[in-house]
Amino acid sequence: MARHSSAYQRGSAFPPSGRRSPSPQPEPARDATDSPTHPEAGSGAYPGVTDPLSYPGAGDPATFPDAASPRAYPTAADPAAYPAAAGSPHPGAARSPAYPGISEPSMDHPNAAGGPAYPSVAAPNQPGRFGAADAVGPAGVAPGAPAVIRAAGISKRFVSGRNRATSLKERFVRRGGPAGDDFWALRDIDATIGRGQTVGLAGANGSGKSTLLKVLAGILRPTSGDVEVHGRIASLLELGAGFNGELSGRDNVYLNASLLGLSKREIDRLFDSIVDFAELRHKIDDDVKHYSSGQYVRLGFAVAVHVDPDVLLVDEVLAVGDEAFQRKCLAKIAEFRAQGRTILFVTHSLDLIESMCDRVLVLESGSLIFDGQPAVGTKLLRQKLGSLPAEGPVDWQYATVRPQSVSFSPEPGGLSMVQYDPGQRLTVSVELDVTEGAPENIYLHTYIVGQSEVPIWMMETPAGGFVLGPGRHTVDFSVPHLPELLGAFAIKVHVSDAATGAPVTTRRFDELFGVTGPQADGLLKVDYEARLRA
Amino acid sequence: MSRLTDAALPPGNPVTSGTAPQHTPAHSADASRLARRSRAQTKVRWELLRNLVRKDLKVKYKGSSLGFAWSLANPLLILVVYTFVFQIVLKSQVPRFGIYLMSGLLIWNAFSGSVSAACGSVVANANLVKKVRFPLAVLPLSAVGFAAVHFLLQLLVLFVVILILGYSLLGPELLLLVPAGAVALTFTIALSLLVSSLNVRYRDTSHLLDVALLAWFWVNPMVYAFGLIQDRLHEWTWVYLLNPMAVVVVSFQRAIYDPPPGNRAGPTTVLADMGYRFYLEHLAIAGFISLVLLWVGLHVFRTMQADFAEDL
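Note that the protein sequences, when read in sequence, are chains A and B.
Reading the first sequence from the start, the letters are residues 1 to 534 in the UniProt record's numbering.
Reading the second sequence from the start, the letters are residues 1 to 312 in the UniProt record's numbering.
Calculated directly from the structure, the hints in this document are not laboratory data.
Check each hint, because a few of them may be wrong.
[What the hints assert, rightly or not] Pairs of lysine to any residue residues, derived as SDA-like cross-links and limited to a Cα-Cα distance of at most 20 Å, are as follows:
(1) B:K55 / A:F271
(2) A:K264 / B:L57
(3) A:K264 / A:S248
(4) B:K130 / A:N244
(5) B:K55 / A:K328
Modelling step: build the complete structure from the supplied sequences, incorporating the hints.
If you want it as structure tokens, here you go:
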């Protein structure tokens with residue numbers, strides 16, 4: 001009996017038969033060109049200038065000749081939008097496993113050391129991944145910080161109840177029913193949780209956070225992929241889950257801790273501390289069924305946090321209990337962080353993630369779409385959840401279709417230039433990075449915007465949009481004769497789903513092109529006569 | 001300080017040890033300690049099993065003033081009633097019918113009680129299975145342990161009754177209890193693991209089991225003498241003895257029951273055999289069958305347990 005649990009036991013070692021299949025799509029050379037500091041293709045016209053002066057005042061008669069000159073177009077990027085890569089000036093360095101010095105270790109948050117505290121980020125060859133995942137090396141844990149949970153390529157399929165035999169009769173009478181609508185709760189997720197990390201699992205309802213938590217905890221078996229768990233796991237999934245109402249608090253403490261893997265000697269040592277933490281000394285010998293729900297939860301929490309767990313799983317536990325108890329929970333969790341324990345945290349509270357976690361995994365429909373710093377992850381989530389209305393549907397960096405760059409040339413594919421005469425031919429080329437999950441038909445609105453963001457004119461794709469598969473695509477908008485409107489103009493690209501009209505993202509590029517004429521002042525070139533009245 | 005150095009710092013570095021010195025040793029431990037602690041949550045431990053059995057006993061006898069006495073009174077009551085019915089009303093020719101019956105019935109009750117309690121054990125603890133990482137096999141095993149504790153106490157009561165009534169009990173044949181008990185335990189654990197895991201996905205397993213146990217009761221020579229079977233089946237008696245529980249029952253009877261002179265009650269023999277070889281041979285076969293079933297039970301349980309949390 002004793003040995004039966006080793007090889008097959010949940011959570012320890014799953015048979016390797018379910019190895020993940022290789023990622024279907026090889027990674028395009030996205031990470032290099034993704035980097036904001038990397039010169040864009042065709043940006044030779046803007047030789048590495050870092051002049052922050054760009055668009056404002058471009059339409060101003062006094063400044064526009066300058067603005068239109070080829071030297072004032074920095075390929076500006078918002079460093080905040082690229083927190084993971086921002087510290088690394090060279091795209092190559094961002095992928096180096098050696099994490100050159102960027103952040104100082106924080107004294108009050110020993111785990112908050114930024115990137116290197118979670119070098120365990122998922123394999124970078126996954127479509128739809130971005131953010132910090134691009135900035136870290138291959139999945140793994142830095143030497144000296146052993147992984148407590150290692151998950152590779154895990155997917156979880158829930159078989160629809162209708163298609164699964166639920167009785168022996170069905171099992172033998174109806175064999176191999178029709179393939180049903182199985183539900184993939186998790187798809188190909190890689191995550192390595194290092195010792196001492198506080199990791200938030202976030203995502204919309206039904207995105208698979210709780211399933212992932214259970215898989216990582218070794219409670220659910222993934223349909224494919226491997227999970228290794230090292231160390232003792234205590235869960236705050238449901239406080240007091242193992243309690244028996246007929247037994248006294250004391251008996252339940254012993255029983256529950258015993259289930260979590262403690263010996264009697266260990267429990268004896270912890271018992272007083274548990275009772276004091278739960279503030280239940282006066283009732284500890286009463287039957288648990290006579291406890292109030294608050295007392296019940298308190299005792300459950302006290303046991304879970306006292307069993308000296310290597311990994312603590314927290315699933316929306318803070319939704320229960322009164323405020324004082326919640327504060328106590330949070331304080332205990334903070335104490336755990338300070339002690340360098342590993343905490344896995346499922347919550348909808350983005351504020352909590354920002355304040356408690358030093359890494360966040362964001363899930364969407366079962367896929368890991370972000371793995372990295374909480375500040376970035378929560379920003380992404382807020383955009384996804386629509387609570388950041390000012391920034392449009394989805395920030396372009398996180399969208400499924402990302403307008404990567406624009407360039408200007410007279411002929412499509414021709415030499416790029418930024419200065420044009422009225423009446424000349426202009427081609428605006430928009431480069432799109434289309435990832436998995438993008439709409440099938442992509443519709444573009446390209447606005448030419450002038451001073452004060454006034455749209456001057458708009459160019460659209462033909463009705464129905466373009467069908468673009470994953471990868472890089474360039475859409476050329478050609479204007480045979482530029483209007484006689486002088487000034488410097490920028491480009492704003494709206495991407496939407498041609499089928500539904502749903503917006504995907506918007507990006508305002510800082511690159512400018514200028515239209516100049518013999519008369520360098522004014523907006524319009526107008527035919528006129530100058531005559532002195534007799 | 002470079003990031004690399006920072007990442008490589010062991011968790012028990014000065015930054016953390018200042019806040020929680022008492023936990024530093026716990027976290028500077030190596031991977032083998034982590035593995036050991038992980039195993040403690042996935043391996044069946046005696047201590048946990050003992051705690052669960054103790055819990056079941058405590059819950060069962062809580063609030064009843066006589067407590068344990070009830071479950072001891074139960075076999076005594078059966079003894080009295082069956083003796084009355086079979087010996088006085090039906091005039092069974094087996095002498096001391098009550099003792100004969102109890103010597104086989106106790107182990108059967110332990111077996112059927114274990115298996116039917118184990119069958120529902122995982123389902124009954126659904127909230128635990130879905131939320132907590134622990135060795136799931138303790139659930140059916142604790143059901144077996146619970147029944148085993150009862151069985152041993154009831155056996156003790158039976159011995160006391162036999163001695164009080166002045167029948168012969170002590171003798172070398174009592175040693176047969178050891179191999180017979182081992183076979184019974186193996187077979188019970190095997191079947192318990194099998195049905196407890198099957199019942200999670202196929203909930204009608206428990207109904208099927210109830211019916212099966214009811215029928216199974218009668219293919220063990222408990223309320224009738226084994227000789228009746230031998231008289232009917234002749235050279236095919238071995239088929240009857242393929243049932244490990246029948247072998248266990250006849251072995252228990254040989255060990256505990258003191259047969260009438262000549263081992264005969266009217267035209268039939270009472271005990272299967274008056275020697276030992278017969279029992280040891282058949283216990284070996286039954287033990288082999290039990291081990292095969294144990295392998296099957298373990299395999300099924302291990303395969304299915306990973307999906308328990310999903311199926312519940």
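Enumerated hints in conflict with the structure, sorted upward: As far as the earlier hints go, only 5 is violated by this structure.
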